[in-house]
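Trainee: Residue numbers (this note's numbering), protein chains in the order written: chain C, 49 to 493; chain L, 176 to 675.
Just so you know, these hints were derived from the structure itself, not from any lab.
Careful: at least some of the hints might be erroneous.
Stated by the list, open to error - Computed cross-link-like contacts, SDA-like style, restricted to lysine to any residue with a CA-CA straight-line distance of at most 25 angstroms:
#1 K241/L to L223/L
#2 K493/C to E339/L
#3 K260/L to N174/C
#4 K485/C to Q259/C
#5 K352/L to I444/C
Chain residues, written in single-letter form:
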Amino acid sequence: MQSTSTKPNYGGDEVAALVLDFGSSSLRAGYAGDDTPKAIIPTSFGYLEEEAASNGDVSMGDASAPEGEQLQAPKPKAKLYIGQNGPSLWRRGMHVANPMNDGLIQNFDTVPPLINHALSEVMRCNAAEHPVLVTEAAWNTTANRERMAEIMFEEFQVPAFYIANTGVLNAFAAGKGSALVIDIGQSTASVTPVVDGFVLRKGLQHCALPQLVHAHARHLLTSPSSNRPGIQLLPHQLIASKMPVDVGVPPRFTLREDRIAGTTDSWRAWAEAHEVDEWIQSVGGCLVQGWNEQFAQQQGPRHYEFPTGYNNYFTGLERFAVGEQFFTHSTQLQASNPNLPKTIPALIMSSIGQTDLDLRQVLLGNVVLTGGGSLFAGFADRLATEMSRQFPHVKIHAPGNPTERRYGGWLGGSILASLGTFHQLWISKEEWQEHGKAIVSQRCK
Amino acid sequence: MAASAADVRSILAIPEPPVAGSSQPTKKPQGSERAKKPDGIPRELYALIGPHAPTLAAQFTKPRLKQKPNLGAGGRVKWEWRPFKNGARSDGLRLSHWAKAGTDTESEYQFAKYNVQGTPYVYTQDEYTRLLEDSSWTKEETDYLFNLVREYDGRFFVVHDRYEYPNGPRRSLEDLKERYFGVCRKLIRNRPWIGDEAGKKAVLDSLTFDKDREVARKNYVASLEHRTPEQIAEEDALYLELEKLKENERRFKKDRDELLRTLCGIESGLPDIHADEDGLAGAAFETKRKKKGVVGSVEPQTPVTPSANTVISLPQPQPKKTSAKSAAYDALHCIVRTEVDQTSSSTKAAHVPVHLRSYKVAQPKAALAPRVSQLLGELGISHTRLVMPTRDNLAKFAALIDAAQQLVEIKKAVDKHDQDIQTTKARLAALRGETVEEGDAPETPMDVDDGAADADGEGDGRAQSVMSTRSARSRRQGRRSMSVSSVDTAGGPNKRQKQR
Ligand SMILES: Nc1ncnc2c1ncn2[C@@H]1O[C@H](COP(=O)(O)OP(=O)(O)OP(=O)(O)O)[C@@H](O)[C@H]1O
Ligand SMILES: [Mg+2]
Chain C
49 MQSTSTKPNY
59 GGDEVAALVL
69 DFGSSSLRAG
79 YAGDDTPKAI
89 IPTSFGYLEE
99 EAASNGDVSM
109 GDASAPEGEQ
119 LQAPKPKAKL
129 YIGQNGPSLW
139 RRGMHVANPM
149 NDGLIQNFDT
159 VPPLINHALS
169 EVMRCNAAEH
179 PVLVTEAAWN
189 TTANRERMAE
199 IMFEEFQVPA
209 FYIANTGVLN
219 AFAAGKGSAL
229 VIDIGQSTAS
239 VTPVVDGFVL
249 RKGLQHCALP
259 QLVHAHARHL
269 LTSPSSNRPG
279 IQLLPHQLIA
289 SKMPVDVGVP
299 PRFTLREDRI
309 AGTTDSWRAW
319 AEAHEVDEWI
329 QSVGGCLVQG
339 WNEQFAQQQG
349 PRHYEFPTGY
359 NNYFTGLERF
369 AVGEQFFTHS
379 TQLQASNPNL
389 PKTIPALIMS
399 SIGQTDLDLR
409 QVLLGNVVLT
419 GGGSLFAGFA
429 DRLATEMSRQ
439 FPHVKIHAPG
449 NPTERRYGGW
459 LGGSILASLG
469 TFHQLWISKE
479 EWQEHGKAIV
489 SQRCK
Chain L
176 MAASAADVRS
186 ILAIPEPPVA
196 GSSQPTKKPQ
206 GSERAKKPDG
216 IPRELYALIG
226 PHAPTLAAQF
236 TKPRLKQKPN
246 LGAGGRVKWE
256 WRPFKNGARS
266 DGLRLSHWAK
276 AGTDTESEYQ
286 FAKYNVQGTP
296 YVYTQDEYTR
306 LLEDSSWTKE
316 ETDYLFNLVR
326 EYDGRFFVVH
336 DRYEYPNGPR
346 RSLEDLKERY
356 FGVCRKLIRN
366 RPWIGDEAGK
376 KAVLDSLTFD
386 KDREVARKNY
396 VASLEHRTPE
406 QIAEEDALYL
416 ELEKLKENER
426 RFKKDRDELL
436 RTLCGIESGL
446 PDIHADEDGL
456 AGAAFETKRK
466 KKGVVGSVEP
476 QTPVTPSANT
486 VISLPQPQPK
496 KTSAKSAAYD
506 ALHCIVRTEV
516 DQTSSSTKAA
526 HVPVHLRSYK
536 VAQPKAALAP
546 RVSQLLGELG
556 ISHTRLVMPT
566 RDNLAKFAAL
576 IDAAQQLVEI
586 KKAVDKHDQD
596 IQTTKARLAA
606 LRGETVEEGD
616 APETPMDVDD
626 GAADADGEGD
636 GRAQSVMSTR
646 SARSRRQGRR
656 SMSVSSVDTA
666 GGPNKRQKQR
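All chains should be built: construct the whole structure from the sequences, respecting the hints.
Mentor: What follows is the structure, encoded as structure tokens:
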């Protein structure tokens, strides 16, 4: 009580909680109260099967791949390679898998090793000594969150646990209790109405739009066009040497023939996706005022060099067509693909359409933009243009700091778990043992 | 980095200090050096130049940074990492945090006090059967609703979002609120109330919920939201047009007032002319007065300012004592006395010096003068010279000038309205091109009865229909209103304004 007078009154009380934010691209972990996660490790991991070549021909990480359970679940005895030196190091016969799909954890077998890596290897802390707050997507299932609680209590022996929604946390990170959170991640784009710290489930919208954008970019690169042949997306791990070549000239490089045979399809797919992402991040963009071919052309070309040494200028038309996929789908694409993921404006429209009339102004005045996919050059401005066309008074909160933007969910968790008033909400080990799984949904609404 | 100190020394030709690399914290020599450091030399500077400080520097008063606030005064505070008990928790979870050592370990957790729970309303089975039966709600569903409201602390948006009663009918947010508040009100009314009646009333008031009103309000909001962009654009255009009309009106009226004042007000003695620029009544009143004034008396009654160029002045008669005798005398000698308004407080304003009538020959307003003189010229009248400026003649002349001016004004108005009609027609044509049904809109109550339309035209929900019919009507009325406008100018736009 005495301390209330001297402490600044922001309501913080740090209990050294840990915050774990699972995303499709990376797992973020750190101490509550910090402003950036201490550990950011890729969610994808490599694994080697003990008995070689049981069913080798599998394609991983491909959005269109059917959900084969056996693909996502390496044999329990398999050796895992996790972290910065996990999938990115080439190993003979190493497969790559990702426990996440559609923004949810689908395969819990590898979750403990992933968490363990982040906490013990990178942060060097003992989870048994810290309360742990884990994030979840708003559409997470009850079974999933109970499983997560089970892992944390039974395997990591945490003293207290809480699972919070990324939508709500992103709103908190922006300092808002009510907001319309637009989150563009790696696998999913979602629009979440949050009111007083609760998600309005009826207005929740999400779809696999980022995967479509990725697929579009990949198609654009690999298929031959009028002014260049299709580009080979070979990762640097498979290239022994290369010669500098002029712009647009076929690359001159030598492959590491020794590695080709031992490269699995899943690793190859992962590496190629990585190349596509790199390309997107350096040259991709969005036109602020909507699609205009002429204007896109005028934006000028950008130079990019691939690991093979092939380099070229990519015209504004190509660069901005990638970001445009977030906002409009061409009619031919729509015709050829009946269940195309919704565009961002369509997601927003359906989300807003589901919310109460009285709430709309509140939500539209507190739009929070978050997620790595929103870091596309010009994305925030384009979103503002699109939204102001539909709604009269829109205010978009988009952190300019890329870390804050991309890890808003983690940051919100960091804020929440260091609030004095939050500490009554933790599910304690005692409660877990007493009430079992049911307590998770009772406490974390 | 490390070289810099030595470099500076060699540049400044300062001999090496006894210990080389003083920027590196070497333990013992550093300590002795620092001990010798004279006050008033910044540490960094001392590290650079060593003990060879210019003697002058040390003599100056020591430059000091702002005094550091001495917080806590009582020396070092020890903090310790220790577990605490949170009173807001029902279990024995002990989390740890940093706390001042020595403070009470078992003291109440400072954030526990924020854990306030609202008083939930509960009812017994007996109360339910006695008071709360409702044909559209079962007890189970009511229980479910009350649980949800308790769970989400009365956040009805969230309650409605999470409301999923198995096999129940679809409930709107208003349904839920109505049921919840209805039950609460009934409970309070029928339970013994501890406390005064005012408190009870306040609680009841806080629990009122008028579903019909809320629904109507929502519908109204919805209709606002569902306006098409065209409708919004149309509304905006109409609003602009209205503003333009109002502005024109204001200017027109101002001009006319000025005209009236010049013509018949001060000079010809119209009773006070309102300077206000609005009001249908005022305008009508003025018009009446003006006509009367022109035809009848032109005596100045309450002149506003005395004419500056009066030459002869008669003493002002005492206005109150105008007896019958003096009236007869005046009539005999053709004396016209000005009557001072009793209510006017300013004596100066009331004073009218004697003046020659010829000084008060009516002049057309400066802006209209060329056209008026042209007009009179066409009629073969010279308005610059009045041969016999008798009272009657002056009055007649003033009337003439006034009539001429009015004619000119009317002509102007006609031209303006003609042009307005042109633009409206063009707009109509454009609109017809897009939407066919609007052009031949059937007669609506709006057309028949202005008053009714005024009454319920306020709802913006209706605004759309009002808009379209209004534009149709204004087209049809175009001709008529034009002929009227110069006389009853303030009326039209005012009515239109109300319809909005
Ligand atoms: N500068 C950038 N420009 C474009 N895209 C970027 C940029 N930086 C990161 N990204 C993309 O952001 C994505 C990762 O975003 P984020 O970390 O929010 O996803 P996630 O939370 O892990 O995934 P999800 O929310 O789908 O589970 C990657 O696909 C990456 O390509
Ligand atoms: Mg995410």
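Trainee: Does each hint hold? Answer for all of them.
Mentor: Hints and how they fare:
1. Proximity of K241/L to L223/L is assessed by CA-CA distance (about 24 angstroms); at most 25 angstroms being required, the pair is judged to hold.
2. Proposed proximity of K493/C and E339/L is supported: the alpha carbons are some 15 angstroms apart, at most 25 angstroms.
3. Simply put, K260/L and N174/C have alpha-carbon atoms about 22 angstroms apart, close enough for the 25 angstroms limit, and the pair holds.
4. Using a Cα cut-off of 25 angstroms, the hinted pair K485/C and Q259/C is violated, with the two alpha carbons roughly 34 angstroms apart.
5. For the given pair, K352/L sits about 32 angstroms from I444/C by alpha-carbon distance, which is inconsistent with the 25 angstroms threshold.
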